[in-house]
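Given the coordinates of chain A, assemble chain B onto it according to the supplied hints.
Sequence order for the protein chains is A and B.
Numbers given in the working numbering equal positions in the first sequence, counted from 1, plus 642.
Numbers given in the working numbering equal positions in the second sequence, counted from 1, plus 993.
Derived from the structure by calculation, the hints contain no laboratory data.
All clues stand as given, with none of them false.
Heads up, simulated EDC-like pairs for lysine to aspartate or glutamate below, C-alpha to C-alpha not over 20 angstroms straight-line: (1) 1315/B x 645/A; (2) 1029/B x 705/A; (3) 1033/B x 1018/B.
Have a look at the derived ranges for each label pair, beta carbon to beta carbon: (4) 1073/B x 663/A: 30 to 40 angstroms; (5) 663/A x 1069/B: 33 to 43 angstroms; (6) 1069/B x 725/A: 58 to 68 angstroms; (7) 1011/B x 731/A: 52 to 62 angstroms; (8) 1260/B x 657/A: 45 to 55 angstroms; (9) 710/A x 1073/B: 54 to 64 angstroms; (10) 731/A x 1223/B: 43 to 53 angstroms.
In this text, a Cβ means the ideal position worked out from N, Cα and C, and glycines have one as well.
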Amino acid sequence: MNEDWVLYEVFLRSRSGLEHKHVGSLHAADARMAIEHARDTYTRRQEGVSIWVVRSSEIVAADPEEAEALFEPARDKIYRHPTFYTIPDEVKNL
Amino acid sequence: MYTQALDSADTAAPQGDADEGGRRERFQGRIDRDEKIEPKDWMPQEYRQTLIRQIAQHAHSEIVGMLPEGNWITRAPSLRRKVVLIAKVQDEGGHGMYLYSAAETLGVSRGALIEQLLAGRAKYSSIFNYPTLTWADIGAIGWLVDGAAIMNQIPLCRCSYGPYARAMVRICKEESFHQRQGYELMLTLARGSAAQRAMAQDALNRWWWPSLMMFGPSDAHSVHTAQSLRWKIKRFSNDELRQKFIDVTVPQAQYLGLTVPDPELRWDEPAQHYRAGPIAWSEFHAVLKGDGPCNRERLAARRAAHEAGRWVREAAAAYADKHGADAVAAPSG
Chain A
643 MNEDWVLYEV
653 FLRSRSGLEH
663 KHVGSLHAAD
673 ARMAIEHARD
683 TYTRRQEGVS
693 IWVVRSSEIV
703 AADPEEAEAL
713 FEPARDKIYR
723 HPTFYTIPDE
733 VKNL
Chain B
994 MYTQALDSAD
1004 TAAPQGDADE
1014 GGRRERFQGR
1024 IDRDEKIEPK
1034 DWMPQEYRQT
1044 LIRQIAQHAH
1054 SEIVGMLPEG
1064 NWITRAPSLR
1074 RKVVLIAKVQ
1084 DEGGHGMYLY
1094 SAAETLGVSR
1104 GALIEQLLAG
1114 RAKYSSIFNY
1124 PTLTWADIGA
1134 IGWLVDGAAI
1144 MNQIPLCRCS
1154 YGPYARAMVR
1164 ICKEESFHQR
1174 QGYELMLTLA
1184 RGSAAQRAMA
1194 QDALNRWWWP
1204 SLMMFGPSDA
1214 HSVHTAQSLR
1224 WKIKRFSNDE
1234 LRQKFIDVTV
1244 PQAQYLGLTV
1254 PDPELRWDEP
1264 AQHYRAGPIA
1274 WSEFHAVLKG
1284 DGPCNRERLA
1294 ARRAAHEAGR
1304 WVREAAAAYA
1314 DKHGADAVAA
1324 PSG
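Excised from the complex, chain A in its bound form (with noise of 0.2 angstroms):
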């Protein structure tokens, strides 16, 4: 069987004063190749100005089994947002 090279994840900024986004992954010999192989394969059409490409090892990413217990507890302070305050009508750039 063949060794498989290692897998990095791409991300690219579309264009000038956006950030980098996840667009997807690729396997690459070195860090080099993964920016040569992400050229090719996921900005054939001027989708990037950038390329950013991270080892799909390096990333931690959270477990959906704790979503719950992460973004819980943000879902009732309602009071984090402007709509929350009630502000009479007359009054002006509020």
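Coordinates of chain B only, in the frame set by chain A:
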């Protein structure tokens, strides 16, 4: 595709644990609410296996699909047609890469998938085992084969498995040019000399039925359809998609002034559908089993390419070992 390399098969809950029933119920509940399933989420082992099989077959199809068209790159009749064909074949390679990546999120390695293909143990679309005998075949493939693929793939953009659905969105965006360049090529031939029109008709004659077979066996004989529909891996049955394809494609053939090679084809006015004659399923099964016109040739070409590329892979690995894998990284931007 956010990948967990090889650990997911092991970290999945052992089948038959105390809460297996409850987990399955919650899983189906998520599917029914149209939530997407992501790589680290719990999923039934059969769902995982079904997806691995389907995505891998799809990836193999893209890769083997480069061969019949690659056959004509050096003989394209103009520079314009040549750059278009190169771009299309490169896209197919890219689509294979997106799909292998999606399959890997389910815990299978790319090396294992490719080995299955090269060993002749994996299936790929039956259509790529037919030869491309004339230049018109390049037009017919774009128009009919990519047309049928798009018909199959658009619903997959809403597939319940997130990485597969996202790969399909990307692929569908790119396929549209494939189909249009094919139809444009056919149109050029159809408006050309008598010999060119005959070439276009001959290509339609040979690719029509194999294209209809691309949708898979009829619903009555499709083993996987019901469960895949329940899991929202599929959204429409094989026969529904085939009918849609026939309905949109027959008028396109008429516009070309070509004849669909089906003497029983007729318009069903009350139902507003074209009705096709019976499909020769014995041919489909023979091609799937390995006895199509080009099965051996396709696999031999893939094996030769894999072997011929071995020294490149080894050199790249040796270079990475020598210099440190991250030493030549470009600065982040």
